Amino acid sequence: MRAGALSVLAFLLALALPPATGAEVVQRGHLRVAFEGELTPHLLPRSGSAPVSVTVGAKISATAGPVPPRLRRISIAINRYGHLTPGGLPVCRVEQIQPATTKGALEACRRSLVGEGSFSANVLLPEQAPFPSYGKVYAYNGTYNGGPAILAHVYGTEPAPTSYTLPFQVARTKGTYGTLLSASLPQVTSEWGYVTGLSLTLDRTFSFRGERRGYVSASCPAPTGFALATFPLAHSTFAFTGGVRLSATLSRSCRARG
Amino acid sequence: VRRAGVLIAALLALAAVAPAADASFGFPLGSAGFSVAATQANGDPADLAGSHPYALTTKIAFNQQSPSGFPQGDVKDLFVELPPGLIENPGAVPKCTESEFSAPRSSPFEASRSGESCPEASQIGVVGIDTAAGTRHFGVFNLVPPPGYPSRFGFSPYGTPVSFLPRVRQADGEYGLTLVSRNFSQLFDTRAIELTIWGNPWATSHDGERGNCLNEAEPASPHAQCEVPLADRAHGLWAYLTLPSSCSGPLTFSIAADSWQQPGGYLPSGLPDLADPAWNTAEHRSAAGLKDCDQLDFFSLAKALPSASSVSSSTGLSFSLEPNLTGLLAADKSLSSRIKRATIALPEGITINPSVGAGLGACTEAQYAAETPSSAPGAGCPNPSKIGLVTVRTPLVEDALKGSLFIAKPFANPFGSAYALYFVAKSAERGFMVKVAGKLDADPLSGRLTATFDNLPQLPYTDLKVDFREGQRAPLVTPAACGRYTTQIALNPWIDPGATLQQTSSFEIVRGITAGGACPTGGAPFTPRATAGTLNANAGSATAFYLHLTRNDYEQEITSYSAQLPPGLLGRIAGISFCPDAAIEAAKGRAGAAELERPSCPAASEIGHTFSGYGAGLAPAYAPGKFYLAGPYHGAPLSVVAINSAIVGPFDLGTIVIRSAIQVDPRSARVTIDSSASDPIPHIFAGIPLRLRDVRVHVDRPAFMVNPTSCAPFSIASTLTGSDAPFANPRDVVATATVPYQLSNCSSLKFSPAFALSLRGPTKRGGYPQLRAVVTPRPGGANIASAAVTLPPSLFLAQEHIGEICTRTRFRADACPAGSIVGKAKAETPLLSEPMEGAVFLRSSDNSLPDLVAVLHGRGVRIDLEGRIDSHRGGIRGRFEGLPDAPLTRFTMTIFGGRKRGILVNSENLCRSPQIADARFLGHSNAGVVLKPKVNPKCRKGVRKHRRGKSQATGRGR
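Chains A and B supply the protein sequences, listed in that same order.
The numbering used here applies: residue 524 is where the first sequence begins, and numbers increase by one.
The numbering used here applies: residue 7 is where the second sequence begins, and numbers increase by one.
Next comes chain A alone, as it looks inside the complex (with noise of 0.2 Å):
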């Protein structure tokens, strides 16, 4: 009854509305967030689950000025359709790829290799023009604090060859949102680097014990009878120095298989 309901909601929903691929853009005074992310496949079992890839991404700008505020922590909620299955995943440690070069963490962790992403942000130093900086990310499952965690490693060469290690911690929570990433950036970028976008595509997938995994895995949240399904696929909050937070929730549609 209860699904019955939910899949006429989410019919309606599917008729009104055209599928959602775009970025979810707040804003506040001359901060602005886009959030975006993508789910695929989009044919997904109505039941049970089946390994996907997630991208969750965000790019922070100041509408005026030379840079936004500083993040100082990101929290990225995932629909409770979708979760994350480490199991039989090697865990890495923030010791093992921290600090390394690309090439050196993947040699350390590369079986706990989970998905990869970019990051940028600006480097602000006093009477120095903002630079930017990009790295390429790589995700490791790994464990932070004693708990599960996504370790998003980042190695750049410009303007000088440096690695951080973002530690991205799961947490389980209840509600429409079954999976809670969460990170702290000011241990990681000093206090000149200004996050200006992270993007992150989790996909990996992994035989465990005969059987066929993804490190992230969904089913479709599509009432019986209705074939398409139109959720929210995640909640993201941004904190930013000075107390300023922006949240954005990303709606993204599926089809429902069987």
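In short, the hints are calculated from the structure, not lab data.
Treat the hints loosely; a few may be bogus.
To be verified - Computed cross-link-like contacts, DSSO-like style, restricted to lysine-lysine with a CA-CA straight-line distance of at most 27 Å:
(1) B:K944 x B:K830
(2) B:K471 x A:K626
(3) B:K339 x B:K445
(4) B:K309 x B:K65
(5) B:K65 x B:K297
(6) B:K832 x B:K906
(7) B:K770 x B:K594
(8) B:K770 x A:K626
(9) A:K659 x A:K582
(10) B:K770 x A:K659
(11) B:K770 x B:K938
(12) A:K626 x B:K297
Claimed, not checked - To give a feel for the contact side, a few chain A residues facing chain B, derived at Cβ under 7 Å:
(13) G627
(14) A631
(15) L648
(16) F654
(17) P655
(18) T680
(19) E681
(20) P682
(21) A683
(22) P684
(23) T685
The model shown is predicted, which means the values in this text are computed figures rather than measured ones.
Even glycine gets a Cβ: it sits at the ideal position worked out from N, Cα and C.
Place chain B on chain A using the hints.
For chain B alone, kept in the frame of chain A given last:
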């Protein structure tokens, strides 16, 4: 027969009368013994100042034996001192020649007893000779003077010639006469003499006393018998005697006489030694002083004209005084007062020319005193002290008095002043001399000259002329601008020194001294020349450095100098002590000669010498100086000080001390002479505008200056400021002069620096090691222009430890926070005794990453080595470009490690693989080397898994 009779009578008297034991040779007391009276024609006293008395009668009586009436002794020498200003003018009447004076007179009226036959026109008075036989009068005549005397008069009683020669007293402009008669004849026993000199010998009232008419009165018509023929009155009725033009008190006459029986002693000067009791003296004062001084005329025409009429030129000066002397000659007029003091203020712009100093000597007071009418040139004041010619024309002698103007010895002259003049004009022929000392004041700010001649002689002169010498070493300089200039001349008379006759004398400066001679318009131009360079043109060699500044006469004065030397032209101050500040200050107060003899600064601080030319014209006067190294000055880390002994000819004006600040550019070590922190170049010193024309600085201490090791074309840029008059308010104009500077033989300089990198501390990934880089250049090779060191890729930048960055603003203020210090550095250089050391900062940059800056300090000098940090082939690269072209013995930079402040972090275990850096050095000679030094972390034995290469053992690359 008559003479024999007198002699017999005397012998008889001696035989019959015993000499009185209570009397001796001398003068009876009071006016009975000696009196002088100036009278008018009616017998009244002549008491008008400057007037011509009818007669001046001197009565001299000698003690007599009683009762024989014979004198107590026979007068031998007689000195009669007339009061100052009482003038006899021997030119007023013709002179009696020696032959006329020695030929006995033949009178148509009676046998004459006078031994002369002088013409009536030469008679100037009568003398009464009182002997035991009675009194008889004889004519007194104006005689041709012997060499060395201005005049002579005499008489020949009983055929025995008696003459008086004047000695001129000149102390303090007195101009007094002392009449001297030596070896008075013993042939007659002179009991008394009454000498009457006529004020106006031409007066017909004297005709009855002339020549043959004297004693032989022709009652009928004496005027017709003995009058002076009109033909002899060629120049009118000139007066012979003139009373002083002063009303300061009674006229004082004095007399001194000795006897043949007891001759008196003499002083070396030829004057009687009055301490000798053989001399008998008496004095007579007139009852009252002269009067009506305020009625006397006082006029004189004064002129002062430079010899040059172009601007800023060496010049002489012609100065003349032409007093009105009409009253001296005209018997019916009074002589005007003579000039006591003349103050000549030259116009501003006419100043002393320092060029005059070359070869100039000075006259000491003793030498000045040794100037006598007969002294040979140089016997008194030395010829090198002569700066002009002087001429004095007086009616009292036929020929002009000629002589020289001398520079008096500074500070040892009658005024104790720096500048003084001695005016010496004389006639050896007439034994006549005028000597006056004059004070010369030079305004300390403008250099304006004021000459004061006080106590000018009361000698009546018609023309007094001073001609300062001309030519390139003339003593004066004309003003810098065309125009009309006026000399102020103040004249004060003897009769009332407080009264002033103000006169002016103007002249024109009409030409410039540039091509075409056009007058300068507006401010004077300022285009000084500056040349500089090193004597050794080989790169990297020790050398002497020279600097040569010149300016033309017509240009503004140089007031400051600054220069930027080429990069790499440096001084090796290792082992050279600074001249202490106290010594420099002490030098400013010393005499130039003392400074030359015993320099204030220690020889250990001497780095060169100077040679400076001062003055206008083509031949400046040069003065040597020394050049010293000194310590910090006005914020600059170093300074140099030029100490010149300001000795220009005889003038020891002290020392000219100019201290110049030396700035060292922290980035390039380029040396700059910073005029803003330096002493200004003085343009007037002790009232003499220096007119600095030529400055030569030679920094030639052996092995002090070191050439750059670059052969790139550089320049030495000089900046000078100039100032035009008035000197008290300089108006600075800036001029620049740039001299190309380029060395050679750079290719002969080797360039092979050794380089070593080492790591200390943790070797494992995540550790923060300490990095130590050591550069050891080859001695004598090219200096390092740039260095780029790329660390092994295993070393990452530890962003988390980049805590504080020194902003450029704080860096400039030398106030970087401690948190921005990431290392330390040390540079050893042969230029300094001690190494330069300092911290390594992270400083804001226009580069992506902060700069790595080593701030080195040593002996007050600061050098900033600025390195840019970036990435090269995956490794952190530090690039130090534009390094100073300075020799290094060894350079060490340490970047701190550790968990709290290490800015490098290991991205892998350093002991797992060889750590190879890349180092590229470029020399200032353009030679380059690429090194691949292996970094030596301290690995535990057996941990290092890679094979050690051969050069790895040393961890060095060359």
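Going down the list of hints, with the structure as the test:
| no. | hint | result |
| --- | --- | --- |
| 1 | B:K944 x B:K830 | holds, 21 Å |
| 2 | B:K471 x A:K626 | violated, 107 Å |
| 3 | B:K339 x B:K445 | violated, 34 Å |
| 4 | B:K309 x B:K65 | violated, 45 Å |
| 5 | B:K65 x B:K297 | holds, 24 Å |
| 6 | B:K832 x B:K906 | holds, 23 Å |
| 7 | B:K770 x B:K594 | violated, 67 Å |
| 8 | B:K770 x A:K626 | holds, 17 Å |
| 9 | A:K659 x A:K582 | holds, 15 Å |
| 10 | B:K770 x A:K659 | holds, 24 Å |
| 11 | B:K770 x B:K938 | holds, 23 Å |
| 12 | A:K626 x B:K297 | violated, 127 Å |
| 13 | G627 | holds, 6 Å |
| 14 | A631 | violated, 9 Å |
| 15 | L648 | holds, 6 Å |
| 16 | F654 | holds, 4 Å |
| 17 | P655 | violated, 9 Å |
| 18 | T680 | holds, 5 Å |
| 19 | E681 | holds, 6 Å |
| 20 | P682 | holds, 4 Å |
| 21 | A683 | holds, 4 Å |
| 22 | P684 | holds, 5 Å |
| 23 | T685 | holds, 5 Å |
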